[in-house]
Amino acid sequence: MAEPGRFAEGVRAYRLIAGMWIRSTMAYRASFVMTTFGNFAATALDFVAILLMFSRVDALGGWSLPEVAFLYGLSGMAFGLADLAIGSMDRLGSRVRDGTLDTLLVRPVPVLAQVAADRFGLRRLGRVVQGALVLGYALASLDIDWTPARVLLMPWMVVSGCGIFCAVFVAGAAFQFVAQDASEVQNAFTYGGTTLLQYPPTVFAQDLVRGVTFVLPLAFVNWLPASYVLGRPLPLELPGWVAFAGPAVAVACCALAGAAWRTGLRAYRSTGS
Amino acid sequence: MGAGRLYGAVAAGGFRRYATYRVATAAGVFTNTVFGLILVYTYLALWDEKPHLGGYDQAQAVTYVWLGQALLSTLALGGGGVETELMERIRTGDIAIDLYRPADLQLWWLSADLGRALFQLVGRGVVPFVFGALLFPTALPQDPLTWAAFLVAVVLAMVVGFGVRFLVALSAFWLMDGTGAQQMSWIVGFFCSGMIVPLNVFPGELGDFVRMLPWSALLQAPADVLLGEAGAWSTYAFQAGWAVVLLTAGRLVQVAATRRVVVQGG
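The listed protein sequences correspond, in order, to chains R and P.
Quick note on numbering that gives the first Met the number 0: the first sequence kicks off at 0 and runs consecutively.
Quick note on numbering that gives the first Met the number 0: the second sequence kicks off at 0 and runs consecutively.
Because the hints were derived from the structure by calculation, they are not lab data.
Have a look at the derived ranges for each label pair, beta carbon to beta carbon:
1. P:G78 to R:A7: 37 to 47 Å
2. R:G61 to P:L212: 28 to 38 Å
3. P:M175 to R:R96: 23 to 33 Å
4. R:L15 to P:A132: 47 to 57 Å
5. P:L134 to R:R118: 36 to 46 Å
6. R:R96 to P:G12: 17 to 27 Å
7. R:A247 to P:D56: 36 to 46 Å
Computed footprint of chain P on chain R, listed as stretches where at least three residues anywhere in the stretch have a Cβ under 8 Å from a Cβ of chain P:
8. 47-58
9. 170-183
10. 190-196
11. 203-210
Non-contacting residues of chain R with respect to chain P, defined by C-beta distances greater than 10 Å in every case (computed):
12. M19
13. R94
14. T99
15. L103
16. L104
17. P147
18. V150
19. G230
20. V250
21. T262
22. Y267
Even glycine gets a Cβ: it sits at the ideal position worked out from N, Cα and C.
Make a model of the complete structure from these sequences and hints.
Now the structure itself:
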């Protein structure tokens, strides 16, 4: 995807394939409505669990319920958008196993775009909507001292958070070239990552927070920028400007994940069956 | 072949089948450990805020987290049990072959699922649990009898879990595509089994209500036996009661469903 021509080609192919899946989904409207609601309900229960916790305590790690909801909504939206866009990537291992990846290789379209758009599931909007609702609740009940920088940071962090999670999905898929049966490892970082970010950083051990800041930079999805917006000190006593580093981190992550993907694809040997 | 040996062989096949995928098992162990780590810190914060929440002390809460991760795939709460395959066979019509076999459909799949569950317990459950017990303060019983009582409760939980999932799978006879029903059962099961938050932390009447449901026989019941919070015999009675109810219901639905099967071109 080095040249712009190839990138545009990939985006166009992605749009076409995703559009095809949407039309196919809409052939079974009742099923679509039910699975979208299912996605919504599944993630909503996550939040109900947090509400249950707060029915017994007033704060968790020093953070109030609206503040945790703020983290939750941002994490849910960023992850939900990434999951909507390229959540099918975790099926790569099974495609390698049953040999259907070969079909994608002979088509004159970037493989990444094909795998990403494969079985595009519009039902995943359920998770995004749920995250947005919780974020709405948080914004309504928090009294944030809005400055232009803080307002700017809101869309800024959702977009870069989505980019960071997309990079995790692509890197996870690249790993499946090596270990086809290990698709579950990816869940630890995708679903595990969004669960982690739903809770305040003060809850976790400092080493864990360091790990998700400097090694796998999930902290840039919401912990760092959200702390800034809420007027709280940043985790690990990082300076305030770090809160704005999200997009740069997302671009770097995507570049690394892209390199991993290309390495994996080059090393791919068909099962031959 | 005696019936016992037949179903024993099916269970052994279920065990061996899952034991084949070593990399997938290792991946699962890793993921369960990561989720355990995330949950354990939130529980530590919760119990820091309110010691003795739900009657557990902090060490018991930590034990509960790792127990949940150890039993997650065994009880197939988030999917991964035999029901997915059974549903697929109902949808494609392969179920006709199963019905043609000189074996009982429900017992066949129960045996296969028990074999699977046993492997998941050994292959996927032990490592995250030991990891958690080594790194965090846990409340593990010294008495080997308590451990034995706990294992019996786990086996009963496996049967109750199958009872629920078998019913969900049979819904495919009417719905054809049971994905929606399965998804709903995961959501309800995850929540009502206490996988996210222990049931004794649920407030007031909601807590009393979820404790009566079959899902509380899955994780909460064995956990309370291990943690010494509940007597073994009353727990067994509760679990066995639900097992009987669910398996009987499964049997009745199976009879009704097989009457509907029409083998095309036979």
